[in-house]
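**Q** Chains A and B, in that order, give the protein sequences.
For the first sequence, the numbering used here assigns the number 1 to the initial residue and increments by one for each residue that follows.
For the second sequence, the numbering used here assigns the number 1001 to the initial residue and increments by one for each residue that follows.
It is worth saying that the hints were derived from the structure and are not from the lab.
These numbers come from a predicted model, not from an experiment.
In this text, a Cβ means the ideal position worked out from N, Cα and C, and glycines have one as well.
Don't take every hint at face value.
Selected chain B positions facing chain A (in silico; Cβ < 7 Å) [to be verified]:
no.: 1; residue: Lys1125
no.: 2; residue: Thr1127
no.: 3; residue: Thr1134
no.: 4; residue: Leu1151
no.: 5; residue: Val1179
no.: 6; residue: His1183
no.: 7; residue: Phe1184
no.: 8; residue: Asp1185
no.: 9; residue: Pro1186
no.: 10; residue: Thr1188
no.: 11; residue: Thr1193
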Amino acid sequence: MRPSNIFRAASFRLAALYAAVFALSVAVLFGLVYWIAATALDGQLRASVSQDVASLEERFHSQGLDELTREINRRIQTRQGGIGYYVLEDPSGKRLTGNIPEAVSMPSSGWSHIVLPRDGRKKDEDGGDLDAPGIEAFCVQLDDGSRLLAGEDDRRIQEAREAIIQAFGWGGASALLLAAAGGAVLSLGFLRRVESINRAVVAIMDGNLAERVPTAQTRDDLDQLAVNFNAMLDRIQALMENVRQVSNDIAHDLRLPLSHLRQKLERVREARLGKEDCGNAVEQAIEDVDGVLRIFSAILRIAQIESGGRRPSFAMTDMTRLATFVAESYAPVAEERGQRLTARVDGEASVFGDQDLLTQMLVNLVENALKHCPEGARIEILLEARGNETRLSVCDDGPGIPEEERENVLQRFYRVDRSRALPGAGLGLALVKAAVELHKGSIALSDNNPGLRATLRFPSRR
Amino acid sequence: MKLLIIEDDAENAAYIAQGFRERGHVVDVASDGRQGLFMAGAGEFDVMIVDRMLPGMDGLGVVKTLRSAGVKTPVIFLTTMSGIDDRVEGLEAGGDDYLVKPFAFSELLARVNALARRPPILKEKTTLQVADLTMDLLARTVERSGRRIELQPLEFKILEYLMCNAGRVVTRTMLLEKVWDFHFDPQTNVVETNISRLRAKLNRDLGVDLIKTVRGAGYCLHAPE
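Modelling step: build the complete structure from the supplied sequences, incorporating the hints.
**A** If you want it as structure tokens, here you go:
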């Protein structure tokens, strides 16, 4: 597989899109966390500064300016209980105490951000040093006009912000990397399977109809696709096989009667036949052609039944009537041959199916028995309605079919009698098989001790 | 009798036309659906022979159009043997009969005769009579020369069909379709055997055979000349 295929794969594009959406959501999350954290830290800082200012104001009210100055000095020196930076000016603006360089002018009342100049460090054009510690300061005017400033270093906030940025930087980068790698792996796996399907399709197009798409047993969508694809191929193969079989049948089994016909016609041409003989020969030739046409239409009929196009004509068909009628029609035929045909009908039975085909199935089975049984044979049509199926059997006490031949006789043109002494083309049972399968039923040939029992089973309609 | 053949296969059309002309009928031939439709609308015909597969407009379409325009002329469809559902479709489209190609001319002739002389919906007859043979359709009894003949239900059906078509040739296939409702070709002589049984019952002790076998065509029931 070429790498460029990876980028063409639909799954890769999906993975890339997914990664992009993921990155965007990470960015939004980062922004939110950053903003919330910064606001919270800021709020905390301001709260502690406010508290500090309030306690110092309290001290001023209770003990006066001098005591406040001392308290501030103490805090500056010990850096205990305090918040870091203080400035106290008397009403004239003279500094009483403080630890912020005097170069920094006293801001107006309220919150302000003071940037401390650092030794030996150049300030940038905005007058702020990016790395310089800033002070979040609060300034109040006391009752006597003196001014108090308290502030706290915001380095902690800066550090926290940096930590958040860094964490998200690493996290985001690795997440993106993982997403991209995952997408690539996914699309590679997907591509490999698509590729295997493609290879199978190409092989099939090249004529290897037996090729199948490998299935992964994962029961996912792609696997389901492969399974369905294989089922479709099975069906196509069966249909192709059907077509091939039909053309083979036509080629092989029509050639014989056609060449017989040709020989007969040649004899008519060569021998100087009298008018009557000539007429007879033509009569025979027409019979031969009719025979060929019969085989031809039987093949087509079987092929059409097998292709399954006849189901729309299905309806509930009264099998009792059908079996009785066929028995009545064929009893004289049997009698003429010195055989006996009877019907035993066990209750009412109906089958959901095509009446023409159901009739033909029974007629074919009966005619088969009549044809293969000797004089004196007894043939019985048996109709039984069971709980979930209807059984239609034709039983005889004739020669039967050897067990190993029973499967074969259901195939087209197969005849147990290799000498082909009996008339027929070996299509009767093949048609029955095709038709019963169209009805979702089955045919079974078994020993009737003696003779043959052909049983058709039709499922009851639910 | 005046016939219209709508058939694009010129050879087949000529074969059918010649066959009918030799028997003294007037035949018009249309070689495609539209022409056929036009001719069918313009002239009075006794029977139309319509091929299912036609260029321009297929046979089903032609007959459907004619039927919806109120043309009641009997129609026989010619179909190819590959279409096993053609029969139902043809009858649903308004056809009266169908015949699978290739066919014997005698078969087509018998069917066209049966269609052409079909009485235009008579009052329900309750008895049929041919020579000395009488059939009571209500009591379901048959008498010949005043003597009762016992028939099986199937034999009764065969005789009824023959008597309805008395004087006309009825082919083996027509009997299979109309009496047995078999739309396939059985491999045994089920028709012949049942007819000969019926014949034996009808002719018992009487010299005159009413059911005549027409060689290469079928059977014809008619009064002796």
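**Q** The structure should be examined with respect to each hint, and the outcome stated for every one.
**A** Hint-by-hint comparison with the structure:
no. : hint    : in the structure
1   : Lys1125 : violated (25 Å)
2   : Thr1127 : violated (25 Å)
3   : Thr1134 : violated (24 Å)
4   : Leu1151 : violated (12 Å)
5   : Val1179 : violated (9 Å)
6   : His1183 : holds (5 Å)
7   : Phe1184 : holds (5 Å)
8   : Asp1185 : holds (6 Å)
9   : Pro1186 : holds (6 Å)
10  : Thr1188 : holds (5 Å)
11  : Thr1193 : holds (5 Å)
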